[in-house]
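S.K.: Sequence:
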Amino acid sequence: MDVFEAIASTENLIRVVDMHTSGEPTRIIVSGYPNLKGDTLLEKRRYAIDYHDDIRKLLMLEPRGHDGMYGAILIQETELTKAGEADIGVLFCHNEGYSTMCGHATIALGRFLVDTHDLKLFPSRNSLLHSPNTDAIELRLHAPCGLIRVSVPTTAEGRADATKPVSFISVPSFPTAIQIDLHVPKELAWPRLTNIEQDNYIIPVSVSYGGAFYIIVSAQSLGFPNGLCDASSKLQDFSNAAEKLEAFMNNNHRELFTHPTEKDLSFCYGVMIVDSTLKSNDDSNSEAGICFFAQGQIDRSPTGSCVSARVALVVEEGKL
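Residues 366 to 685, numbered by this note's numbering, are exactly what the sequence shown covers, in order.
Simulated from the structure, these hints should not be mistaken for lab results.
Possibly wrong hints are sitting among the right ones.
Stated by the list, open to error - Heads up, simulated SDA-like pairs for lysine to any residue below, C-alpha to C-alpha not over 20 Å straight-line:
no., residue 1, residue 2
1, Lys684, Ile543
2, Lys609, Thr626
3, Lys402, Pro390
4, Lys609, Tyr566
5, Lys447, Asn491
6, Lys609, Gly661
The task is simple: from the sequences and hints, build the whole structure.
M.R.: Quick look at the structure:
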């Protein structure tokens with residue numbers, strides 16, 4: 366086939382809709398993605414990983430995407446939609462692979478799915494219920510981690526109301542480690558630690574699950590005494606520390622990322638570096654944070670699944 370004919374052909378056309386949540390993108394694949402084999406959503410996720418990862422790379426990476434791109438693949442039929450427990454399913458993807466939960470993409474999908482009436486794309490659209498008590502449409506989204514209940518405020522015309530926040534109830538969240546001490550040998554440490562002359566370094570960390578597993582650690586513990594606002598540090602310094610820490614825990618403490626029922630959910634998704642010295646004006650218990658996930662990707666939004674993980678952690682600590 367002539368190169369122009371190949372480019373102009375609609376035979377392999379994939380259509381997407383790009384949205385964002387607080388600056389974090391969500392590229393929603395609306396047509397052209399192949400059917401995935403599998404009886405369950407997690408089986409379909411494995412099939413996508415094994416047989417269609419080239420499409421993820423095409424849509425997420427340069428030149429069509431970038432390091433910060435995030436994707437959502439709509440799955441019309443899952444075991445929960447067939448059981449009448451969910452309205453639609455979704456698979457999440459990013460620059461490295463496939464996630465199990467994403468809060469910012471859930472918010473974007475909520476608005477998008479309320480505002481579409483394409484029954485091929487969303488067969489259950491007409492069955493969505495409007496709640497007069499909240500003046501919102503309730504959406505049941507089947508993510509790989511489980512069922513997410515999304516509430517989307519609407520206008521009088523029934524469209525998603527962009528002036529009001531979307532909210533969701535996530536899956537049960539829980540910590541698996543609270544302030545445990547890691548003993549990191551000097552040869553596995555990162556530059557900001559090795560500036561301190563020691564044979565090994567003790568780093569207190571927590572691990573918590575909010576639809577995906579996160580390591581939660583303070584910037585000070587990673588060797589940044591002035592926290593996230595350290596003028597002598599660059600973003601790459603924090604990224605390097607997060608990458609080294611995650612690799613160390615994957616090699617030495619993988620059991621902390623064990624989901625109680627699903628092997629496919631048992632992996633570390635990201636590292637949240639927090640700084641409790643940076644507080645909002647109205648809350649003395651607040652903390653700032655920067656989240657690294659996938660292949661060094663930075664979450665530009667306040668995060669979603671990591672918020673669930675952090676809330677579960679502070680509840681267990683008795684701080685909330």
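S.K.: Taking the hints in turn, state whether each one holds.
M.R.: A quick look at each hint next to the structure:
1. Lys684 / Ile543: holds (13 Å)
2. Lys609 / Thr626: Given pair Lys609, Thr626 is violated - Cα atoms ~28 Å apart, limit 20 Å.
3. Lys402 / Pro390: Distance ~27 Å between Lys402 and Pro390 Cα, so the pair is violated.
4. Lys609 / Tyr566: Holds, because 13 Å separates the two Cα atoms, which is no more than 20 Å.
5. Lys447 / Asn491: Roughly 16 Å between the alpha carbons, so the hint for Lys447 and Asn491 holds.
6. Lys609 / Gly661: holds (11 Å)
In summary, the numbered hints that this structure violates are 2, 3.
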